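The chain contents come next:
There are 2 protein chains.
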Amino acid sequence: MRKEMFEHEITLLRDTFRRLLRRHARTNLSKLIQKTHPADLSVIFRYFSDEEQEQVFALMPLDESTGEFLSELDESTLSELLEEEESDRIALIVRESNSNDQGTILNALSEEKTQSILELLRQDEQEELEEILAYPEDSAGSLMSTDFFALRQNTKSHDAIKTLQDQDEAEMVFYLYITDDDERLVGVISLRTLAITPPNTLLSDIMMKSVHMVRAETDQEDVAQIVAQYNYLAVPVVDSDMRLLGIVTVDDVVDVIREEATEDFLKMAGAGKDREILHKSSWENAKARLPWLFASWLGGIVAATVIGAYEHVLQSTIALAAFIPVIMGMGGNIGTQSSTIIVRGIATGRVDFGSEFKLIFKEITVGLLLGGLYGLLLGIFAELKFIDAPPFLGLVVGLSIGLSMLIATAVGTMIPLFLRKLDIDPAIATGPFVTTSVDIVGVLLYFVIATSFLNL
Amino acid sequence: MRKEMFEHEITLLRDTFRRLLRRHARTNLSKLIQKTHPADLSVIFRYFSDEEQEQVFALMPLDESTGEFLSELDESTLSELLEEEESDRIALIVRESNSNDQGTILNALSEEKTQSILELLRQDEQEELEEILAYPEDSAGSLMSTDFFALRQNTKSHDAIKTLQDQDEAEMVFYLYITDDDERLVGVISLRTLAITPPNTLLSDIMMKSVHMVRAETDQEDVAQIVAQYNYLAVPVVDSDMRLLGIVTVDDVVDVIREEATEDFLKMAGAGKDREILHKSSWENAKARLPWLFASWLGGIVAATVIGAYEHVLQSTIALAAFIPVIMGMGGNIGTQSSTIIVRGIATGRVDFGSEFKLIFKEITVGLLLGGLYGLLLGIFAELKFIDAPPFLGLVVGLSIGLSMLIATAVGTMIPLFLRKLDIDPAIATGPFVTTSVDIVGVLLYFVIATSFLNL
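Top to bottom, those sequences are chains A and B. Just so you know, the first sequence maps onto residues -4 to 451 in our numbering. Just so you know, the second sequence maps onto residues -4 to 451 in our numbering.
Chain A with its partners taken away, still in its complex shape:
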């Protein structure tokens, strides 16, 4: 219900924009832009042609909301839009944006463009931005906001409240971070605790001394894990001397979690890891998908070679060929199920360390149950369908499918567990490994069983 309402609102907004664009009603467009939430603007932006996008962007004010709008866009849209824009205007927008959006905007630009924008800013602004840009992509440093609220531990609580009220930036204030005289992070106080503390209390007396913190180089996925597990609203980011550099807030973590899930999906399907693949050209899209298909092509070549080697078996019992698809398909599917369950279990922390053997045993039991069932069904079908074929055909086919499903669950479970041990991302490698190896093993097994049973 809600979803349709939302879609309806967005459609309405988009149509209003389009009507105004057709009429070149610049004043009305400006007004509508002011009234629209930056997040909504970024959604309807997807529906505009390049030309419409430029027209709307040209009318946007030079303030924080435009920075917010830009940072909500998909990276590819953002790059295209800004590469066409004058550096002066971008510099003015960057200057007004919050530190988080500044990073997103500049990271989407080419090196030269970024440099030309930095040169338009004041020395201190430049230095601050250069620092933000120096952190590795997808790290806590590149994700953090430098608009945090920190005070020395010998501050009194009523002074802290006063300082907080005078603060005009730091929109997302949840915690007050406490530092020592060397600016090292030593504690944290929730704003609630601060509000109910007697005025003359020293912050060091009410602060929590054990603070979960991350380093600027920490991977954003690990930051997300901490925020999700402890229900934090923000995590402080420190340098190697424990000096507070910034905070990663929960709203950015929400985006990280969604992006990482998308990347895992694409990786498992062997479609690269570019979450914006939809916005890329067919050519780039094809390039991202080529490697896994090559792995699968090689697997196919091996399978063809295996079958070629058993040509004499096929020649004498041609009906065997009919069951190649179902043996491969069932093995591949149940193997993919196993590996998906394990890969996702690793990502959500449900696969614990030390329980590997239990997991493998459990999956093999599943393989035995389902392999037995479908082997039986297929064996019966084979007997009924190919009455002219040798009497053992049903047995061969049933046994092969059962065994290949059993092996597929074992392989599908073990490969991701093994990859994790080697510190390789299970998601990226599971897809090609599992399906390709299961295909080859399945076909080989089939012909080995056929050869021995049919006495050829």
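Since the hints were made in silico from the structure, they are not lab data. Fair warning: this is a prediction, and the values are worked out from it, not measured in the lab. Since no wrong hints were added, every one of them can be taken at face value.
In this list, chains with the same sequence are indistinguishable; a pair is considered to hold if it fits within one copy or across any two.
In the PhoX-like style, the derived pairs of lysine-lysine whose C-alpha atoms are separated by at most 20 Å in a straight line are:
id, residue 1, residue 2
1, LYS151, LYS204
2, LYS204, LYS26
3, LYS416, LYS353
4, LYS275, LYS353
5, LYS268, LYS282
Following the hints, position chain B against chain A.
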């Protein structure tokens, strides 16, 4: 780096618990429990045997932190643990828990057990809980917390601040919600705005009148979408008369996003949608995975029938059988890539309404590029490998793989888009539909092409 540190801490904590458990050091265990964050406790709980779990749980205090711990457990662990526990003790814990955790705890219990616990509570507590339990699973109502902060619009700002400071519940206060005399939600004020407003201002003068709100029946996925899009910390939940019922906070949304991603993964692999499948028995696990495998089995039967019908073709050119696996594999893989990209694009909102034809066209171009490339490669391989086979074998094989990859991209793109149109979850239906239909079409195409080219 961070991840290992985290794992190391958890391992240390687990070993300490184990050591104390072996020594039956109850006092030390109690102290350790008090000192451990509920979220950490829930993680190490996974490593305990059933007996150890019961021992640790028995030592937990009857307070809010135990409620928090319970609600962080996986549902299956939670159910097992509580079904063994006395209703009295659960009732005492539920009484102390926040409304959000109360719902989670009671929802994990059997109807009888829930009833026996409700009967132990006061009349007003009972009614409140029954209301929470009445909302559909995975709805905003079942996810919301009733500990929110709301005031009438004719309140003055300094009274609002005073009320806030006296509030001892409502830990997650981010916004002050404003209601009219009929308790209908009419506005919202951020705590920052409140803090910097002159003391005698009426709340109605500073409130934002346009509030994003959801209904209690709204699906949690839609709530998550709103929170993620607008970077909210909480969304108000209202009934049909716009009366404020509760709030859904961002920390719960983080959990929803992770759970929904896991469910989508499992659905696409045809492994049910039970995100706790790892904790289930092999039997339940097999049951969840059976349906898709049946679809795929049926597809295999159809493929076998198709091949059976072309037995005479195979008989004359036995080498054709060798390429059945690669034709199916490549078609299936590229089709899965296409459908994964589209399904995930729909989930993250990157597939816009009205752009369907552009998407299909783009994917078909990818199919043409990759199908052309791999068709050529396979054609050459077939010619070189099977020199004795008819001269057209390479052409037949190459053309078939190219065409089946082309068709697979089209099918992989269109099926999820079509399912969305019909309001069926694309994730649940894409896996079986795409792979099965691509398999059958691929095999059929192959033999049709072979028949016409090899002039049989």
